[in-house]
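Participant: So you can see what is in the structure, the chains are spelled out below.
There are 2 protein chains.
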Amino acid sequence: MKMNDKSPLQIERALYQPKLPEAMKGPVALKEGAKTTSVADQETIKKLFPNTYGQSVITLEKTNNQSATPVVSVGVILSGGQAPGGHNVIAGLFDGLKKLHPDNKLYGFLGGPSGLVEHKYIELTHEIIDEYRNTGGFDIIGSGRTKLEDPEQFDKGAAICHQLGINAIVIIGGDDSNTNACILAEYYAQNNTGIQVIGCPKTIDGDLKNEMIETSFGFDTACKVYSELIGNIQRDANSSKKYYHFIRLMGRSASHIALECALQTHPNMCIISEEVEEKKMTLRDIINQIAKLIAARAKEGYNFGSILVPEGLIEFIPEVKVLINELNDLLAHNGVFNAIPNDEGRREYVLQSLTPQSAVVFESLPLSIGKQLMLDRDPHGNVQVSLIETEKLLIEMTKYRLAEMKARGEYKGKFQAVNHFFGYEGRCATPSNFDADYCYSLGNVASSLISAGKTGYITSIRNLIKPASEWIAGGVPITMMMNIERRHGKEKPVIRKALVDLKGKPFQFFAQHRDEWAKGNKHYIFPGPIQYGGSAIVCDQPTKTLLLEYED
Amino acid sequence: MKMNDKSPLQIERALYQPKLPEAMKGPVALKEGAKTTSVADQETIKKLFPNTYGQSVITLEKTNNQSATPVVSVGVILSGGQAPGGHNVIAGLFDGLKKLHPDNKLYGFLGGPSGLVEHKYIELTHEIIDEYRNTGGFDIIGSGRTKLEDPEQFDKGAAICHQLGINAIVIIGGDDSNTNACILAEYYAQNNTGIQVIGCPKTIDGDLKNEMIETSFGFDTACKVYSELIGNIQRDANSSKKYYHFIRLMGRSASHIALECALQTHPNMCIISEEVEEKKMTLRDIINQIAKLIAARAKEGYNFGSILVPEGLIEFIPEVKVLINELNDLLAHNGVFNAIPNDEGRREYVLQSLTPQSAVVFESLPLSIGKQLMLDRDPHGNVQVSLIETEKLLIEMTKYRLAEMKARGEYKGKFQAVNHFFGYEGRCATPSNFDADYCYSLGNVASSLISAGKTGYITSIRNLIKPASEWIAGGVPITMMMNIERRHGKEKPVIRKALVDLKGKPFQFFAQHRDEWAKGNKHYIFPGPIQYGGSAIVCDQPTKTLLLEYED
Numbered sequence: 001m002k003m004n005d006k007s008p009l010q011i012e013r014a015l016y017q018p019k020l021p022e023a024m025k026g027p028v029a030l031k032e033g034a035k036t037t038s039v040a041d042q043e044t045i046k047k048l049f050p051n052t053y054g055q056s057v058i059t060l061e062k063t064n065n066q067s068a069t070p071v072v073s074v075g076v077i078l079s080g081g082q083a084p085g086g087h088n089v090i091a092g093l094f095d096g097l098k099k100l101h102p103d104n105k106l107y108g109f110l111g112g113p114s115g116l117v118e119h120k121y122i123e124l125t126h127e128i129i130d131e132y133r134n135t136g137g138f139d140i141i142g143s144g145r146t147k148l149e150d151p152e153q154f155d156k157g158a159a160i161c162h163q164l165g166i167n168a169i170v171i172i173g174g175d176d177s178n179t180n181a182c183i184l185a186e187y188y189a190q191n192n193t194g195i196q197v198i199g200c201p202k203t204i205d206g207d208l209k210n211e212m213i214e215t216s217f218g219f220d221t222a223c224k225v226y227s228e229l230i231g232n233i234q235r236d237a238n239s240s241k242k243y244y245h246f247i248r249l250m251g252r253s254a255s256h257i258a259l260e261c262a263l264q265t266h267p268n269m270c271i272i273s274e275e276v277e278e279k280k281m282t283l284r285d286i287i288n289q290i291a292k293l294i295a296a297r298a299k300e301g302y303n304f305g306s307i308l309v310p311e312g313l314i315e316f317i318p319e320v321k322v323l324i325n326e327l328n329d330l331l332a333h334n335g336v337f338n339a340i341p342n343d344e345g346r347r348e349y350v351l352q353s354l355t356p357q358s359a360v361v362f363e364s365l366p367l368s369i370g371k372q373l374m375l376d377r378d379p380h381g382n383v384q385v386s387l388i389e390t391e392k393l394l395i396e397m398t399k400y401r402l403a404e405m406k407a408r409g410e411y412k413g414k415f416q417a418v419n420h421f422f423g424y425e426g427r428c429a430t431p432s433n434f435d436a437d438y439c440y441s442l443g444n445v446a447s448s449l450i451s452a453g454k455t456g457y458i459t460s461i462r463n464l465i466k467p468a469s470e471w472i473a474g475g476v477p478i479t480m481m482m483n484i485e486r487r488h489g490k491e492k493p494v495i496r497k498a499l500v501d502l503k504g505k506p507f508q509f510f511a512q513h514r515d516e517w518a519k520g521n522k523h524y525i526f527p528g529p530i531q532y533g534g535s536a537i538v539c540d541q542p543t544k545t546l547l548l549e550y551e552d
Numbered sequence: 001m002k003m004n005d006k007s008p009l010q011i012e013r014a015l016y017q018p019k020l021p022e023a024m025k026g027p028v029a030l031k032e033g034a035k036t037t038s039v040a041d042q043e044t045i046k047k048l049f050p051n052t053y054g055q056s057v058i059t060l061e062k063t064n065n066q067s068a069t070p071v072v073s074v075g076v077i078l079s080g081g082q083a084p085g086g087h088n089v090i091a092g093l094f095d096g097l098k099k100l101h102p103d104n105k106l107y108g109f110l111g112g113p114s115g116l117v118e119h120k121y122i123e124l125t126h127e128i129i130d131e132y133r134n135t136g137g138f139d140i141i142g143s144g145r146t147k148l149e150d151p152e153q154f155d156k157g158a159a160i161c162h163q164l165g166i167n168a169i170v171i172i173g174g175d176d177s178n179t180n181a182c183i184l185a186e187y188y189a190q191n192n193t194g195i196q197v198i199g200c201p202k203t204i205d206g207d208l209k210n211e212m213i214e215t216s217f218g219f220d221t222a223c224k225v226y227s228e229l230i231g232n233i234q235r236d237a238n239s240s241k242k243y244y245h246f247i248r249l250m251g252r253s254a255s256h257i258a259l260e261c262a263l264q265t266h267p268n269m270c271i272i273s274e275e276v277e278e279k280k281m282t283l284r285d286i287i288n289q290i291a292k293l294i295a296a297r298a299k300e301g302y303n304f305g306s307i308l309v310p311e312g313l314i315e316f317i318p319e320v321k322v323l324i325n326e327l328n329d330l331l332a333h334n335g336v337f338n339a340i341p342n343d344e345g346r347r348e349y350v351l352q353s354l355t356p357q358s359a360v361v362f363e364s365l366p367l368s369i370g371k372q373l374m375l376d377r378d379p380h381g382n383v384q385v386s387l388i389e390t391e392k393l394l395i396e397m398t399k400y401r402l403a404e405m406k407a408r409g410e411y412k413g414k415f416q417a418v419n420h421f422f423g424y425e426g427r428c429a430t431p432s433n434f435d436a437d438y439c440y441s442l443g444n445v446a447s448s449l450i451s452a453g454k455t456g457y458i459t460s461i462r463n464l465i466k467p468a469s470e471w472i473a474g475g476v477p478i479t480m481m482m483n484i485e486r487r488h489g490k491e492k493p494v495i496r497k498a499l500v501d502l503k504g505k506p507f508q509f510f511a512q513h514r515d516e517w518a519k520g521n522k523h524y525i526f527p528g529p530i531q532y533g534g535s536a537i538v539c540d541q542p543t544k545t546l547l548l549e550y551e552d
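Those protein sequences? They're chains G and S, same order as listed.
First residue of the first sequence: 1, per UniProt numbering; consecutive thereafter.
First residue of the second sequence: 1, per UniProt numbering; consecutive thereafter.
Keep in mind the hints are simulated off the structure, nothing from the lab.
Owing to the predicted nature of the structure, the values given are computational and were not obtained by experimental measurement.
No copy is singled out in the list; a pair is fine if it fits within one copy or between any two copies.
Dumping the calculated DSSO-like pairs for lysine-lysine here, alpha-carbon to alpha-carbon at most 27 Å: (1) 406 to 519; (2) 120 to 522; (3) 242 to 371; (4) 497 to 466; (5) 241 to 147; (6) 120 to 241; (7) 19 to 99; (8) 392 to 280; (9) 242 to 147; (10) 6 to 505; (11) 399 to 241; (12) 466 to 6; (13) 6 to 242; (14) 519 to 120; (15) 47 to 147; (16) 242 to 392; (17) 147 to 414; (18) 242 to 156; (19) 505 to 519; (20) 490 to 47; (21) 156 to 241; (22) 371 to 392.
I would like the entire structure built from these sequences, with the hints used as guidance.
Facilitator: As structure tokens, this is what we get:
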């Protein structure tokens, strides 16, 4: 056997030519639309962003007269968690720049925003870019979670840009990273550095979206990978007919991923954190709901099923949120607590120190979860919510509840559960055609915005449920998406995070059908793995969320 | 949005026409080869199987004169864990039977072998079969783990067969199920029931193979799904550069899955249980090996990586095996132990009751694993090895070991680990083209063997690394694969289980390259998801294991 260093699909995907919007296939002109205002707190935000506030929405249009453009150098940064398609943003940016002028240069800052501050970079060449076309991952230059927030960092960034002759920085990131991109753009404009800053909407979580950003990239691919696995598991559940699968899905602050996966696979149940918060559901309410579902299915002879759980659920349950806050206050750097030698003693101490309400909540949790809350703490002493195995918590508590119900004759059935957590499995998957095309177009747009001297913009592609040729490309002032929110005790201008809208069509569609999906075994859908090289109906479909939001 | 009850890929795959060996595209003749003997213990096995021992190997050949065949009715059973392609075996069997005679009938026994004993069945019609072509899962008739072992069951089975006019039973299962198929075949022959029995080689574990059975079905698809995920995770590790991913893979008694996934993805490390046993490695040896790898990588600046762990590892570590046996003897129905109210007390009791050697092993395990060994027991009181989260055990112990090394200045690095377990994610995946074709052919062969009056045979397709048209189809007497082994304290005739052969080419290839793969980040391969509708090189490749075993 010949030892290959690439799989056949890697080799094939390297040759894929991403689809561009029709308007971007040749020379483009920028059409300036109406001036913009922020979504809220207009006066405050205008004051904070005197140079970048109020700019126009820009649309790219086909033109016949390619005007000469100045030679530019650009730096690109990958910020935060991985999302499929990041490499294509960079490839689209690179190709766009080279088309505008063969002498244009692209630098990649290494390991995330810290690369800018610490002056770690490489020049991206044709050879490097070609290695990464249509691939998953952020490994081309690496990513990182350093936040660009203070002027000292900004000045260090400007220094390296001036040294390398960089005219513009493209920051590929989520809502926080794009907020910071805007702050950086404003700072660089105020200080006449001559450095433009353009943002690019990334995040598998799907919580960076609004009327101008229909979806963030990576959401499509990640949800399709998770849905493939959920479909496979549902088929397994329905074959062996003996397990409930509790499947936790990445997506901490919003439940878009869980909702999209539910729309793709029709599980027996899917918990949506935003609904839990809206309805002020207690942990007990949630467990009762699960137990009721299981009892109803048992009556019909089904002792198996699928239950989707969003990663961030625990923080949306009001009384658990209070408990976590109390624990954070109580245990951070608490010498008395840290000196207690055993779990029983620690537990006792915690129970005595909490408010009575929180003590009740704490006591109701399985021992293992209580232990996790007491001991798995970050360097600031805070509970590490993302490490909590919420699906196991639900399984343990459901077991207990079903036993109670059985004792009262309210449940006759057998409950065996299997837990899963999917996150890392999808963040670096080979991008779907949708994400490959979308990302390549986003990168390409950035090159046009840079060439036109724009700053404080985020790249925007709309009309995404249509074929790529009909997509509308352009740029949106980042300030347009901002409002003032309280973060870590301070009022800050931030891009408004998009949680699941309980009045929106995706949730409404789910809410209309979930009772039907709860029953029996006939509703499961098995999406199968992402396909790349076949009919558009199999290979190019956008997410159900997009279809529901934008289809007439 | 129209609510579909099928995904686009489901709809497309329903139309796929599985490829058959050239010889099977028209009428076939059975060519009888040489008489056979069992792989070992010939005299004993001959005595146990007087009617089914020593038959010829059969090869199917093209013929021009289709001879008339009698009308037959067949019953089919899915036995044991799911494997992708089971539905295609049934579809191939159905189509084969209908081609031989339109009045031929196929019944499916429901819920596994118990369906035969309890007389639960359906008749499989065109409408039903068409719903399940090329799909994953065993949900068409369900599966189950009842073992067909005693004459009472056999007689009940014969009764329903006579009632329905069933002439032959096809049992789709692993090594144990095929052993039992042979015992059933022999019993039915001895008792002149007129019922033939044919087996079919299924299991994702890959441990049912020999010179006549090149691979069991499902192994291909399951390994490709797991490899997709491992590839995605490696890309993620190499992008964020901060986590070691410990990935446990299904496959309890053999490490074929882990080995195949390693060959497909080139992880930094892959533990092979058979090697652990052969080299009599202790748990400490394994942990040292992992810690050494991590320290070496840290020296080069890599604080991330991928480590594959076979599900059954723990049972292959000699001293842990002894511990588990002692615990099984000690704790099964032990009233004293069961009356102890808390974990500390139970732990104390166990430590005092074990042999000194096992007490040391028990004490070295993380508390959570010790607890699992004490408490997660099956109805017979035995430790449930498959529930042990071996990957977490390795993470915990590696952490501890690295801390020791750090204190001694032997390790400078940061160790953060993420654990995964993949099993249910792949058992019911949509079968790859390979498994779809292989399974359909296996089912088709079964119809020919039945029509020729054969019993005690297992269907066999060879030459699998070649295109399907060149495959060699036939049947092999099950007794040919048998030897005598001690199982649950009794000498029994069983199909010899195929463990990873440390002298075989797949392991040798792995052993030659693993030191290279251990280093850096340049060796990872990203297989991506299974593709169905493109070039043969992307869609139709067999496993690396098969290629290594059969390529010149």
